[in-house]
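Chemist: Each chain, written out:
Protein chains: 4
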Amino acid sequence: MIVIMRIGCSQDEISRVTNRIVDAGLRVYIPHGVERTVIGVVGQAFPGLRDALESLPGVDQVIPVTKPYQLASREFHPEDTIVELDGVTIGGSEIVVMAGPCAVESEEQLLLTAQAVKAAGATVLRGGAFKPRTSPYEFRGLGERGLRILAQVGEETQMPIVTEVMAPHDVDLVARYADILQIGSRNMQNFVLLDEVGRTRKPVLLKRGLSANIQEWLLAAEYVLVQGNEQVILCERGIRTFENYSRNTMDINAIPIIEKVSHLPIIADPSHATGKWYLVSPLALAAVAAGADGLLIEVHPNPDMALADGPQSLTFDNFRLLMSQLQPIAEARSRKLAMPAVRVNP
Amino acid sequence: MIVIMRIGCSQDEISRVTNRIVDAGLRVYIPHGVERTVIGVVGQAFPGLRDALESLPGVDQVIPVTKPYQLASREFHPEDTIVELDGVTIGGSEIVVMAGPCAVESEEQLLLTAQAVKAAGATVLRGGAFKPRTSPYEFRGLGERGLRILAQVGEETQMPIVTEVMAPHDVDLVARYADILQIGSRNMQNFVLLDEVGRTRKPVLLKRGLSANIQEWLLAAEYVLVQGNEQVILCERGIRTFENYSRNTMDINAIPIIEKVSHLPIIADPSHATGKWYLVSPLALAAVAAGADGLLIEVHPNPDMALADGPQSLTFDNFRLLMSQLQPIAEARSRKLAMPAVRVNP
Amino acid sequence: MIVIMRIGCSQDEISRVTNRIVDAGLRVYIPHGVERTVIGVVGQAFPGLRDALESLPGVDQVIPVTKPYQLASREFHPEDTIVELDGVTIGGSEIVVMAGPCAVESEEQLLLTAQAVKAAGATVLRGGAFKPRTSPYEFRGLGERGLRILAQVGEETQMPIVTEVMAPHDVDLVARYADILQIGSRNMQNFVLLDEVGRTRKPVLLKRGLSANIQEWLLAAEYVLVQGNEQVILCERGIRTFENYSRNTMDINAIPIIEKVSHLPIIADPSHATGKWYLVSPLALAAVAAGADGLLIEVHPNPDMALADGPQSLTFDNFRLLMSQLQPIAEARSRKLAMPAVRVNP
Amino acid sequence: MIVIMRIGCSQDEISRVTNRIVDAGLRVYIPHGVERTVIGVVGQAFPGLRDALESLPGVDQVIPVTKPYQLASREFHPEDTIVELDGVTIGGSEIVVMAGPCAVESEEQLLLTAQAVKAAGATVLRGGAFKPRTSPYEFRGLGERGLRILAQVGEETQMPIVTEVMAPHDVDLVARYADILQIGSRNMQNFVLLDEVGRTRKPVLLKRGLSANIQEWLLAAEYVLVQGNEQVILCERGIRTFENYSRNTMDINAIPIIEKVSHLPIIADPSHATGKWYLVSPLALAAVAAGADGLLIEVHPNPDMALADGPQSLTFDNFRLLMSQLQPIAEARSRKLAMPAVRVNP
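Heads up: the protein sequence lines correspond to chains A, B, C and D, in order. Sequential numbering of the first sequence, starting at 95, is according to the working numbering. Sequential numbering of the second sequence, starting at 95, is according to the working numbering. Sequential numbering of the third sequence, starting at 95, is according to the working numbering. Sequential numbering of the fourth sequence, starting at 95, is according to the working numbering.
Hint data in this document are derived by calculation from the structure and do not stem from the laboratory. Be aware that a few hints might be false.
The list treats identical chains as one, so a pair stands whether inside a single copy or across any two.
[Claimed, not checked] DSS-like, lysine-lysine: derived pairs with alpha carbons at most 27 Å apart: (1) Lys370 with Lys354; (2) Lys212 with Lys354; (3) Lys161 with Lys430; (4) Lys296 with Lys370; (5) Lys370 with Lys161; (6) Lys212 with Lys296; (7) Lys161 with Lys212; (8) Lys354 with Lys430; (9) Lys296 with Lys354.
Everything numeric in this text was worked out from a predicted model, so none of it was measured.
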């Protein structure tokens with residue numbers, strides 16, 4: 095940590111800063127000859143010290159030298175984390191496509207979709223049983239019934255399933271049915287929920303908050319990691335900007351940034367990042383070209399009639415077309431699409 | 095709801111839209127002579143219909159005519175909501191100042207602060223027992239012990255208390271000790287938590303999410319109201335923008351906007367909106383000048399040593415100075431500062 | 095244009111609105127049975143009418159049915175615009191790569207760079223002679239001397255050149271040397287400058303403003319088009335958001351959106367969109383995967399020593415690597431890289 | 095300047111950084127014992143060096159210790175700048191209100207407005223002759239005819255006038271008629287224009303760009319100051335955020351921030367910051383409560399019929415009401431409203 099003093103600060107103000115640092119059990123160094131007084135903090139400072147120093151008179155700014163996250167950081171963990179489940183690996187050389195409807199509506203709808211997306215090359219099945227909705231008057235999902243349908247269809251099609259958990263007290267329930275626990279963007283900083291999924295040993299798909307910066311996102315991952323759950327998959331799903339033609343703005347810069355600063359796998363959700371089906375495929379291709387480890391895509395047998403997020407869902411035909419375009423993009427990045435599990439008859 | 099078709103859309107595309115509307119049990123009208131085909135929807139449309147229509151071919155945009163919130167809307171509830179608790183009213187002619195430390199650290203710290211802020215004119219005591227923290231390595235509050243200290247000091251100083259609740263399963267616990275349940279900005283769209291505080295009959299202080307727009311904020315209030323709890327107090331606490339000199343940007347426009355579109359009281363939290371103590375007083379004065387019904391201010395006996403958010407806390411002296419400047423501003427808006435309750439000896 | 099009245103508006107308020115519309119030489123229609131009073135405007139409304147109606151009492155909102163731009167709109171001009179210059183076409187089936195240093199520093203630097211980028215597959219040479227700089231103390235370019243170097247190296251390597259013009263009174267000068275006139279993001283709404291480049295018959299590369307939405311960007315293009323200059327190339331170069339790890343956020347959503355709403359070609363500038371060289375290649379690949387018609391890339395023989403924007407410049411080696419990865423991505427989108435012009439000996 | 099190296103950087107990487115610094119004629123110091131290698135730069139570094147160092151391998155970040163602006167900085171110029179013109183002072187103890195129509199439409203309209211705003215307490219007359227318009231199809235002002243009307247009405251009512259200049263070649267023309275040259279938000283980084291107004295000796299009112307941060311805004315002021323023109327007045331007029339209920343978001347935090355970091359006066363323009371007349375008065379009061387030195391307000395005799403920005407203009411009645419509310423707010427901040435000049439008969 096480095097403390098930069100104001101020009102013309104008094105000796106008293108400098109002493110007050112250095113005393114505060116020494117009180118915290120650390121040492122200081124003060125180099126000479128710089129444009130203004132700079133005080134270096136020697137030793138491992140706790141986060142609150144920054145704030146404390148910043149409020150002292152004469153201090154211009156305090157600059158942390160160490161990033162506040164460690165377990166999520168590539169500096170401390172150089173090799174890539176690869177999440178494995180039932181033959182699917184996320185974060186390795188394969189591109190994983192997770193697809194399915196926004197909300198589970200019925201067994202028929204889900205089975206039809208699962209079969210179609212699997213035939214086209216998806217290897218994980220997505221579907222919401224608990225749906226966060228901006229308005230209390232909208233469809234909030236089938237709840238446990240939806241989970242049962244998911245598990246049944248997942249087994250029938252031999253696809254692992256990913257589904258959202260919204261409340262700490264539902265984590266055990268959802269973990270009984272799901273292979274990957276999804277934390278939605280609105281809950282990225284629901285710290286009680288993060289603690290709770292961190293205590294399970296299920297992979298966690300952590301969506302970026304709508305206005306979370308990359309450091310906050312990695313700190314949210316740190317909440318899960320610090321509980322001992324190392325299987326965190328990050329998911330970029332669009333951030334909020336002034337542009338309102340599309341629902342959100344896919345922050346595609348975030349993909350190579352995460353690859354640089356963290357060892358965790360990152361996938362992209364172009365369905366929520368755009369909100370319009372005709373933008374989903376171009377953005378999906380872009381995400382993989384930028385280095386994403388996979389995609390999360392909404393597909394619905396009949397988007398016009400979907401109970402949630404119809405306008406951003408691909409039809410089966412559009413999804414097949416996307417998968418065929420994806421192959422050469424993956425190869426251009428020296429990756430290949432994951433292969434769906436082959437059913438072995440007993 | 096009004097559907098605007100693209101120029102040159104086909105008759106088939108128009109029929110598909112009108113059929114979808116009629117299928118939903120509604121009627122259509124198609125005025126002639128406008129620049130392009132426009133289809134009006136007659137009857138009360140459900141929210142999902144908009145999305146469904148927007149995904150149909152030939153459709154340019156779908157415009158909702160009705161706002162998605164009703165209970166929070168001034169159109170449906172023209173008179174101001176006034177929240178009353180123990181002689182303090184929020185949303186009426188008085189300006190209410192809620193003050194106290196960011197986090198409860200000890201009984202001594204809280205009592206000292208409560209006495210100081212009450213003497214200066216605050217009428218509600220704030221203090222955090224459960225603290226949402228961006229990093230898992232920071233101080234997360236004293237939990238139930240903090241609640242007990244709050245209740246005790248509140249009683250001793252005869253001040254109602256406001257404190258945050260972070261998890262649905264803690265609502266009952268917090269409600270036993272607190273007079274106002276605070277929902278933090280990161281939980282503004284924690285819908286399970288909103289449901290839960292909606293089921294209590296305690297006033298709810300609902301902070302605006304960091305990147306929530308006004309409609310989403312009122313929809314979050316709607317979650318509480320729809321459960322039958324009508325005592326919602328909105329709190330503007332700064333939004334996230336590109337500017338990073340201050341921690342957030344206080345959206346002062348929101349204060350008169352809320353007054354226009356909603357009947358709920360609105361207060362401002364300049365401590366979190368700025369993150370720097372020397373910006374707190376100017377912003378507090380500005381909020382009241384813009385029409386806020388009250389303030390939420392962090393005050394600490396020794397901000398340098400605070401366990402949380404020290405740099406944004408006022409000292410007792412600065413708080414007293416602020417209160418003295420506030421009086422004439424309140425009067426300029428034909429308001430007056432609420433008077434602290436007088437202790438009656440038994 | 096459609097006027098939506100407030101619930102409970104008076105008959106007088108409705109009459110005032112309809113009178114104002116009729117005064118403007120237009121007609122009205124008022125459909126019945128909708129949730130609230132809606133007034134349709136029949137005829138071509140001028141832009142100011144919206145504002146005028148919105149300020150009338152009883153009016154809730156006014157919704158324009160027609161987009162404010164026409165010449166830039168695909169609705170009015172369905173076929174793609176293809177800009178042609180000296181054998182290079184922009185907006186057709188080829189992906190055009192424009193590359194070169196941020197600022198022209200010397201003939202040697204530019205020639206070396208031009209030869210390297212041409213050898214790797216670039217077909218247009220970029221380089222700044224007039225540099226907009228945030229601080230008055232930074233290098234502002236070589237001015238006309240830079241233009242002469244550009245023209246000379248362009249001729250020597252048979253590459254058309256693109257360079258920025260910053261002031262209306264410099265347009266003639268720059269147009270004498272340059273093949274494409276670049277309008278920088280800070281000047282996207284410098285309307286006097288847009289008028290002026292509109293009067294030339296040189297292609298204009300119009301960068302998106304840092305916080306311009308898509309409609310404003312197309313309206314800026316409209317300024318050029320309305321002067322009779324139809325050769326406008328749009329360039330996405332990152333927008334400003336709260337994220338500050340990278341300098342800006344590349345709005346890759348904008349690429350397929352522009353393709354949908356406009357006939358103008360769109361290219362991407364990942365160098366400015368990211369500000370860091372190691373993010374440039376992933377973003378360049380992503381832009382082409384999303385459908386961009388080309389790229390604008392900063393390349394410098396020695397980025398450490400560049401007088402401007404060194405950290406975002408690729409070395410020759412990195413640029414060659416990028417070009418080799420680009421080929422299969424272009425093919426995946428059924429495009430091919432443009433071929434550099436072949437020098438014909440006289 | 096301080097260079098922070100990555101954990102585990104090599105000795106070679108450290109040497110490359112220190113060599114680059116020494117090459118630039120500066121010295122280095124490397125304190126020991128910190129969490130990672132930190133290299134201090136001794137001496138006055140030029141801005142480009144930061145970029146150069148940041149692109150070197152092994153470097154994590156480079157932190158400037160000195161702010162990039164000097165002339166605009168309070169550190170280098172502690173006492174307040176007070177702009178004086180014809181008996182009006184801006185930046186001293188008085189609150190200055192500049193009012194008038196958005197666009198000059200006719201002599202009658204302007205005279206009527208000038209008399210009304212002066213009677214209510216305004217001391218500077220505003221009005222646009224050159225209007226920047228988002229669309230090429232909107233009214234762009236009367237040009238020189240508008241300037242003549244402004245000058246004539248200004249003389250008749252004894253009010254100094256402020257009006258916008260949009261192009262470098264118009265600066266002389268506008269300076270012949272105007273008392274204060276306004277630079278609009280879209281031109282905040284039109285550096286050629288800033289140079290040009292810096293060469294005049296007229297006060298410059300510099301509006302903040304829609305997405306400019308405070309440092310960029312002060313650097314734009316620095317462009318004017320460095321030319322020798324010390325009379326710069328800053329004007330906050332709203333920034334662009336995700337919120338779209340109001341046209342922009344008034345960044346009221348900026349007012350006390352500017353007061354802290356700069357000696358230049360700052361006024362607020364609530365008309366453009368909100369875009370809706372009913373938000374103008376609350377925001378005007380808030381700005382003065384936060385410490386603004388004055389206001390810029392749009393007033394029109396008949397807002398319904400205004401050629402530009404009608405919905406954000408106050409009527410004469412609303413303006414008078416605002417002025418009466420402003421007085422006690424100014425007093426609460428130990429300021430008073432400037433008094434209109436008294437006409438002395440010759």
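Chemist: Can you tell me if Lys212 and Lys296 fall within 27 Å by alpha carbon in one copy, between copies, both or neither?
Modeler: within (22 Å within a copy, 50 Å between copies)
Chemist: Which holds for Lys370 with Lys354 at a C-alpha limit of 27 Å: within a copy, between copies, both or neither?
Modeler: between (30 Å within a copy, 12 Å between copies)
Chemist: At most 27 Å between CA atoms: does that hold for Lys296 and Lys370 within a copy, between copies, both, or neither?
Modeler: Answer is neither; intra-copy 31 Å and inter-copy 36 Å both fail.
Chemist: At most 27 Å between CA atoms: does that hold for Lys370 and Lys161 within a copy, between copies, both, or neither?
Modeler: Answer is between; shortest inter-copy Cα gap is 19 Å, intra-copy 37 Å.
Chemist: Within a copy, between copies, both or neither: which one fits Lys296 and Lys354 at a CA-CA cutoff of 27 Å?
Modeler: within (25 Å within a copy, 41 Å between copies)
Chemist: Between Lys161 and Lys212, at a C-alpha cutoff of 27 Å, which is it: within one copy, between copies, both, or neither?
Modeler: Close neither inside one copy (41 Å) nor across copies (40 Å); limit 27 Å.
Chemist: I want to check one pair: Lys212 and Lys354. Are their C-alpha atoms no more than 27 Å apart within a copy, between two copies, both, or neither?
Modeler: neither (32 Å within a copy, 30 Å between copies)
Chemist: If the cutoff is 27 Å on CA atoms, where do Lys161 and Lys430 land: within, between, both or neither? Let me know, please.
Modeler: Close neither inside one copy (33 Å) nor across copies (43 Å); limit 27 Å.
Chemist: Up to 27 Å between alpha-carbons, please classify Lys354 paired with Lys430: within, between, both or neither.
Modeler: within (21 Å within a copy, 30 Å between copies)
In terms of the numbered hints stated before, the structure departs from hints 2, 3, 4, 7, listed from lowest to highest.
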